[in-house]
Every structure is written in C-alpha cells, then in structure tokens.
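Combine the two chains into a complex, taking the hints into account.
If you're matching them up, the sequences are chains H and Z in order. With my numbering, the residue at position 240 of the first sequence is 240, and numbering never jumps. With my numbering, the residue at position 250 of the second sequence is 250, and numbering never jumps.
The set of hints was computed from the structure by calculation and includes no laboratory data. Treat the hints loosely; a few may be bogus.
Residues on chain Z that point at chain H, a partial pick, calculated with CB under 7 Å [said to hold, decoys possible]:
#1 170
#2 176
#3 189
#4 275
Pairwise CB distance ranges (calculated) [said to hold, decoys possible]:
#5 Z:109 <-> H:18: 51 to 57 Å
#6 Z:113 <-> H:18: 24 to 30 Å
#7 Z:170 <-> H:69: 48 to 54 Å
#8 Z:181 <-> H:247: 40 to 46 Å
#9 H:13 <-> Z:103: 29 to 35 Å
#10 H:255 <-> Z:94: 48 to 54 Å
#11 H:128 <-> Z:109: 38 to 44 Å
#12 Z:30 <-> H:17: 50 to 56 Å
Ideal Cβ placement from N, Cα and C applies to all residues, glycine included.
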Amino acid sequence: MASEPVPAVRTESLNLWYGTFQALQDVTVRIRSGAITAMIGPSGCGKTTFLRSVNRINERLGYVRTTGRIEVLGHDVQGAGVALTQLRRQVGMVFQRPNPLPLSVRDNVLFGHRVHRTPDAAITRAEEEPILEEALRKVLLWDTVKDRLGARATTLSLEEQQKLCIARLLPLQPRILLMDEPCSALDPRATGAIEELLWDLRGEFTILIVTHNMAQARRASDECIFMLMGRVVEHSPTEEMFVTPRDRRTADYVEGRYG
Amino acid sequence: MFQPTPVDLRNRAREGLVRWLLLGLTLVIILPVLLILGVLAWKGTPALSLEFLFTEPREAMTAGGILPALVGTVWLVAVALLASVPVGVAAAVYLSEYAPDNALTRIINLAIMNLAGVPSIVHALFGVGAFVYFFRFGTSILAASLTLAVMSLPVIIVSTREALQAVPRAFREACWAMGATRWQTIRHVVLPNSVSGILTGVILEVAHTAGETAPIMFTGAAFFVPFLPEGIHDQTMALSLHLFIISTQVPGVPEPVPFAVALVLISLVMSMNAASIWVRTRLRRRKKW
Ligand SMILES: Nc1ncnc2c1ncn2[C@@H]1O[C@H](COP(=O)(O)OP(=O)(O)O)[C@@H](O)[C@H]1O
Ligand SMILES: [Mg+2]
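Isolated chain Z, as found in the complex (with noise of 0.2 Å):
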C-alpha cells in the first residue's frame, strides 16, 4: 500500500531539483547584497565616528564629516518625495479609476513606460533646462528634488495602479450599487485597502532618490557647500555626490572615507525604508478581505 510509483518518484526528484535551484538563484541574489555590506562595513567602520556624521568636512574634504551631505540628502528626498508622491497617487487613480479605456489612456500609459526607461543623465538634462533655467528655480534644493521626482513618478505611478487594480472591483460595484460617488467609493474603500501597496512603491523610489548622482549634479547639489541648507532654495551637498567626488576627483582623501560615506547613504536608505515596511505591515494587519 501506498508505494510510490515510478512517476512518483520522477516528480519527487523533479520537485528536489527545482527546490534547490530556486533556493541557489536567490542566494546568488542575496550574495552581492551581504558582499557589498560586508566590505562597506569593514572598510568603512574605522572612518566612522560621530564627529564624522556632525561635522562639516574640512582641508579640501580629505578631513572632517559629512554633515552638509547627510542633511541634503535628507532634504532632497524629502521635497522630491512631496512632489512626487501627490502627483503620482493623484494620477493613478485617474488612470485606475475615472480613465475610460481608449487611445489617449493607452498614450497616457506609454508615455508612462517610456519614462520609466529615461536614462538618469536625461532626466538631469531635462531638470537643468525645465527647473533651472525655464521656471527659474536655479540650481536649488527644489530643482533637483523636482527633477528626481520626474524621474521617480513612473513607478510611483506603476505600483499605486497596480495596487489600486489589486482591490477587488466587487467592493466597488457593492459602493457603486448603494449610490456612493466614484471619489466616496475611492476615498472610503479603495485607497485604504491600497495604501501598502503604494508605500511599497514610495519604498523602492527613496531609495532611488537617495542614491542617483547624475539627476542632481547640475541641478542643485554643489561639489562643497560648508553649511546646512536653510530652504528649498539654497543649494546643497548630498551623500551621493560627494561619494563620487571624494572618490574621483578630490587627492589625498583617507582610503576608508568613502567606504564609510557609502555606508551612511546605504545605512540612511536602509533606515527610511525599515520605517515604511514597518508602517506598511501595521497597515496590512488591519487588512481586510
């Protein structure tokens, strides 16, 4: 009774097979990531310090900190956030929810995709001429961030969709049918079923934000500005760009600094997105169907 037969057995080394070769792909995934923290930190850890982290850099930024960087940072994720983060829900929801399916939807939706695929030097370019120059903002906190937002409204927009899509359209028709309006039924029903969805986007594009060089180099981050930016309207320093500088471009800086800076700005991202999974797992406890 209940021996397995020779199909059986075919399916359970298959099913091993398969097993193993999932488990290998994902290790090979998760090996960079622990290699890069690994050599960041062990590299890096002997430049850390706090008054690394509170001080301004000093003698050509080969000493002091990078407390200019770490608080521009800061600020230009924080108001490309703001910018973003409206403007992308808002049009989501446009395209979710009010959009009729025809051809300028469809454009609306390539154009979308198109920009996803933007190389970030473009986007830089676009930010200089449209931020800088056109709306004359100059090489700003508000102009950067602006341009970094355009660049991360694409999977703003992208993931808010597809989180809005995931929300049952039973529920709709079951508001729909009692007479509530499109905007009672978004507001009461389907942005609060949707909201980890969206933070899973908001997520994946701080970290983008934080990181990318080019979009900023022109439009508002300075090689060396030794003090806190006080508005929108000053320029600033930023982790990433003085990683590229101190690494390229400046002599004589210690060989653990940058290591270290690489590590503030991972450690900084890494940081704000704990906060939003753990936003967005409270979120998914009170779900909901």
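Chain H with its partners taken away, still in its complex shape (with noise of 0.2 Å):
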C-alpha cells in the first residue's frame, strides 16, 4: 500500500476553551493536501476558532487555553521551536469582513512580501512589480485595478476588497488558505466570483473554507466537515455528505431543518 500523502493540517483531541467555556471539544480532523475542504455547521459551532487555532492567532486573546495536538504539513505547530511568522507565512487567512490594511492597492499586495524579506535584500519598486501584477492577475483583479495601484485599498468594492486580501497572501507562496466565510459580506454575483477564483486556485494550494452557504459548499468543495457545538460530527466527501449522510443531524442541517 503506497504510504498516504501528509495531510495539510491534522489535529489530534484539540480542545479550546476562551476562559472558562470549551470552545472546541475533542476536534480530531485531517485536512487532505491540494483539497478543498468546507467547514459548514450553525453559528457558534466553532469554526472560526478551529481556522484561528491553525494559525495560532488566537492565542493572541490572554485568556485562551488549548490542549491537543495540531500538525501543519506534518509538523506540530505548537512545538519549542516554532516560529509563528514562518507557520504565518505558510498558512494564510482570508477574514469573515475584507480587512484590507489603510494603505494603498500596492503596499496591501506586497506587505507580507515585504515583512519577510531579509532587510538586505535591496528590491527596487520595479522589482516588486512583477510580484503585484502577478498576485493581482491570479485573483482575477489586475485589469480593474492596475490604473488605481496607488488607490486606498479601503476604497475598493467589498468584492475588490476581498479578492486584494486573497492576492496579498501569494506573494508569500503559502501552502495552505484558510478563509473563514470569505463571501459573507458579498452579494450572489461576487460571491460567485469568489468561488470561481477558488477554483482556479484549488491545486495550487490546500484550502479550507468554512462557509453558511450549503450551495457553496456542495459546489465549491471536495470534502465537507460538519460541526457541531464544539465538535465535529461528520466528515466525508462532499457528494456523500450531501446525499446519503451518515448522521441525523448532519442531514437535517445540510437539509435546512437545522438552525
């Protein structure tokens, strides 16, 4: 038997609390490599916080306790020598709200591009352009924008926004997009348009979307994971979570029964 690919993230009995109250309980869950994974359930099921926990940015808050094991292309994230800026790099985050940075078109696609780089490394702006126009050509944005680049990010439409916060991880060659409801806050048009672009992307990189749209999901992903309450109940192909689920609740939520 051929050994089985590393999975792009694994946990292993990951629990969360934030203070007192268990967020996450018992997640055990491994992310198939080159796959589009959705994370579906109803609010406050804890899927923003697994997405949060991968990229350790949660641990920000003071008062958030994990116990468990995560593994991030095979390696624990968690471990002594981690260093968060490097698992950063390799795991980028879209937000629920587009959440350009206050700068211009150009400084948002190439900040992550600059904090990484070594401070010797003298890059002329026009080597930096064929970065931006890179980034920008793959998430579909170059050609409505390239005449704005000096343009406030925030002036953007909300689609724009959201597509810029996609482009500004590439430069950083991540293996690995979390997005946590990237359409929530788009109309049907641009949220199709996102999806095509997850598409387009879907190979080139590891994708989990957690997502309250079960259109979305059905059609925008390989495996599905249903949550619930802190726990995950469910996880298959998304053709068969969608038509011969294994569990009464995943049924009545993917069938709108369900909160």
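Set out below in structure tokens:
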C-alpha cells in the first residue's frame, strides 16, 4: 500500500477554551492536501475558532487555552522551535469581513512580502512590480485596479477588497489558505466570482473554507466537515455528505431543518 | 395622510427641548472663554507692543518687556514635550499592544490614573527632590521641564492608548496572519493610523504645561533673570510665574501689564495648539478606513 500523503492540517483531540467556555471539543481531523475542504455548521459551533487555532492567531487573546495536537504539513505547530511568523507565512488567512490594510492597493499586496524579506535584499520598486502584477492577475483583479494601484485599498468595492485580501497572501507562497466565510459580506454575483477564483486556486493550495451557504459548500468543495457545538460530527467527501449523510444531525442541517 | 400623531407631537416637543438645552449648555461653556479673552484683549492691548515682546524687564519689572519669560516658556514646554512624548507614547504602546491582561498591568493602569490626580504642587515637591537634588540637575530648565513632563505623562499615556485602541483589531489580525511581528504591525499600521489621536493628547498637554506655575517655581523658573537661557542647565523666567509675580509680589506695575502677559501666554498656547490642529487635520485627511 502506498504511504498516505501527509495531510495539510491534522489535529488530534484538540480542545480549546475561551476562559471557562469550551469552544472546541476533542476535534480530530485530517485536511487533505491539495483539496478544498468546506467547514459547515450553525453559528457558534466553533468553525472560526478552529481556523484561528491552525495559524495560532487565537492565542493573542490572553484567556485562550488549548490542549491536544495541531500539525500543519506534518509538523507540530505548538512545538518549541516553531516561528509563528513562518507558520503564518505558510498558512494564509482570509477573514469574514474583507480587511485590507489602510494602505494603497500596491502596499497591501506587497505588505507580506516586504515583512518577510531579509533587510539587505535591496529590491527596487521595479522588481516588486512583477510580484504585484502576478498576485493581482491570479485573483482576476489586475485589469480592474491596474490604473489605481496607488489608491487606498479601502476605497475598492467589497468584492475587490476580498480579492485583494486573497492576492496579498500569494507573494508569500503559502501552502494552505484558511478562509472564514469569505463571501458572507458579498452579494451573490461577487460570491460567484470568488468561488470561481477558489476553483482556479485549487490544487495549487490546500483550501479550508468556512461557509454558511450549503449550495456553495456543495459546489465548491471536495470534502466537507460538519461541526456542531464544538465537535466534528461528520467528515466525508462532499457528494457523500449531501446525498447520503451518515449522521441524522448532518442530514437535518444540510437539508435546512436546522438553525 | 401623514398627519403627526400625539406621539409624534410629544417626541417633537421633546426633541426641541433637548436641542435647546444642549445648545444652552454649550454656550455656557463658551461664554467664560469669550469673556476671558475679551477682558484680556481689552485691558491688555494698551500695554502690548513689539518692545514689550522683544525687550527685557526693567526697573524692578515695572517697565520694559517680557522677552526672557516668553523665551523661557518656549524652552520649558519644548524640553518637557521632548521628554514626555517619547516616554508616554512608548508606555502607551506597551500597555495597548504588548501587556498581558494581568494584575501587574492593572496596577500600572491604576498608577497612571492616580498620577493624573496628583496636585501640581506635589509634583513640584517631587521635582525638587528627584531632579534638583537627587539627580543634581540643580534649579534648571532641565529639572523644571522633567517635572512638567512627569505631570503630563498620564494624559499623554491615556490619550495615546485610546488612540491605539481605536485602530480596529481586524487590521492587526490581518498583519499578524501574514506573519508580521507585533512591532511591524505597530510600525506600519497601528501608529500611522493613530497619530491624529495621539496629537490630541499632546495638544492638551502643551496648554497644560505652558500654563502651570507651581511645578516650575522651585525647580527651574526664577523670579528675575535678565538674560535669555542658553541651555537646559540655565535657570529661566517663565510667563506663568512672571504673571504671578507681577500681579502679587511687585508694587507699582502698571495695570495693563499683567493682562498683556496673560494675553501673550494664551496666544502662545493657542498658536501652538493651532499648529498641532493643523497637522492633525492634514493627517486625518489621509485617513483611511
Ligand atoms: N473571543 C472570544 N471570546 C469568548 N468566546 C468566544 C470568542 N470567540 C468565539 N467565542 C465563542 O466560541 C464559540 C464558537 O465561536 P466561533 O468559532 O466564532 O463559531 P462559528 O465561527 O462557528 O460561528 C461561540 O459560542 C462563541 O460565542
Ligand atoms: Mg465564524
């Protein structure tokens, strides 16, 4: 038997508390490398919390406590030698509300790249230009913003802002993209555009996307994880989850009989 | 159609009442300010002249000008800000961006609040003990300015911290999630977006520092120094102390002179404020979200 490829993200009995409230309970999952995995479940079931544990951004809140194991690309991210800056370079995150930085479009796209390059790498503006263009082309934004690269990113439409938030991750060459309801602030047409983008990026990145939109989960993902009250109820290939769910609670949820 | 109901009429009446009440209270605040400025301008202008601004006092301060005091106040305020702004902003950045929410942090915050409540004469005594004697700065601009700086730290820290906190957390998270360190985040996103708020605190403290008398009285400001300070180790005259002295300690000062001194002091503060407000408005125009 061929050895199974290393999962992009693997957790083992992950528990997380906000103060005394337990938001994740015994979460054990394997996120397949190179696939799009959708996380679904009612509000407050812990999807965002899970995503934010993977890049360890949750721990900036002083009252968060975790137990269990989180591996990214086969490595324990809570190990002693882990540089958070490198972890976050490999694991990009797109937030629920588009949050471009209050800088120009250009500075937004190049922000991560500038933060990570060595101080002596004297890169001129001309050398940054191809990086900028490639990232914006990949999210299909180049043609719309190429004439306003100096404009404030916050003046773009929400759809453009969210695409920009994806684009700014690309120069870092991440392996995994965590997306927390990236379309929830967008109208249906913009949602469609972002979904298409996801398909384009598929294969190149492992994508873990949280969504409230069942149709979107079904259309846009290879695997699905259904969570309820901090636990993983079911994790299966998307078609299977929607056609022949194993758990009655999953069936109730995907058919909309649930909150 | 669309006739107001009794409820609408009642709400409308209440709306009018509140509006006039708020306007009235605002005027109550403005009135004393206008009155003070008016009286000062009316009574002080006769004594104002270029000679008054640019010469030294003569004849036991009953004649001549106020140049040493004017220059001295500028020195005191400038040196005080040079000390208090970097320290205050650094402390606020630490408290807002780095400090964990624990007992020590809460104690520090409490201490800052208490420092804000210390009367200025107590600051003066502290300044004498700490700067004049312990650090051996003597009675000098340095000692007086550091005393003023300590006095203005709480306001600068608190207002800076508020300004930093007003920068949405989403921006910080966006940076962190790209692998930026806390300092990179602060340097490139948080500070540039809070300078205008930080300046507000600084503006308040310019006025406060320029006007205080007690903290400088024993630490560096002198009754009468007939020449201009040449460095931070000199003693100096100051407008606030000069005003106090000629109004209470010196016989035979012509009546308009104290008013003119007060007018100059207020104008100095107002022009410094105007400058900072201008800077702040320009920075705000570049704002951002
Ligand atoms: N910063 C926080 N502090 C305290 N409780 C939180 C925090 N964030 C989320 N929670 C709680 O944790 C649970 C899971 O939240 P979340 O992960 O945001 O759910 P989801 O993204 O699935 O809607 C909710 O009950 C929520 O109230
Ligand atoms: Mg959520």
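Going through the hints against the structure:
1. Of the supplied interface hints, the one on residue 170 of chain Z holds, with its beta-carbon coming within about 4 Å of a beta-carbon of chain H, less than 7 Å.
2. Evaluation of the residue 176 of chain Z hint against chain H yields a held restraint, the C-beta minimum of about 6 Å falling below 7 Å.
3. About 6 Å separates the beta-carbon of residue 189 of chain Z from the nearest beta-carbon of chain H, less than 7 Å, and the hint is met.
4. Nearest Cβ of chain H to the Cβ of residue 275 of chain Z: about 25 Å, over the 7 Å cut. The hint is violated.
5. The given range of 51 to 57 Å is broken by residue 109 of chain Z and residue 18 of chain H, whose C-beta atoms sit roughly 23 Å from each other.
6. For the pair residue 113 of chain Z and residue 18 of chain H, the supplied restraint of 24 to 30 Å holds, since their beta-carbon distance comes to about 28 Å.
7. The given range of 48 to 54 Å is broken by residue 170 of chain Z and residue 69 of chain H, whose C-beta atoms sit roughly 29 Å from each other.
8. The hinted range of 40 to 46 Å is satisfied by residue 181 of chain Z and residue 247 of chain H, whose Cβ atoms lie roughly 43 Å apart.
9. Between residue 13 of chain H and residue 103 of chain Z, the C-beta spacing of about 32 Å keeps the proposed range 29 to 35 Å intact.
10. A C-beta distance of roughly 52 Å is found between residue 255 of chain H and residue 94 of chain Z, which places it inside the suggested range of 48 to 54 Å.
11. At roughly 42 Å, the beta carbons of residue 128 of chain H and residue 109 of chain Z sit within the given window of 38 to 44 Å.
12. Checking the proposed 50 to 56 Å range against residue 30 of chain Z and residue 17 of chain H shows it holds: the Cβ atoms sit about 53 Å from each other.
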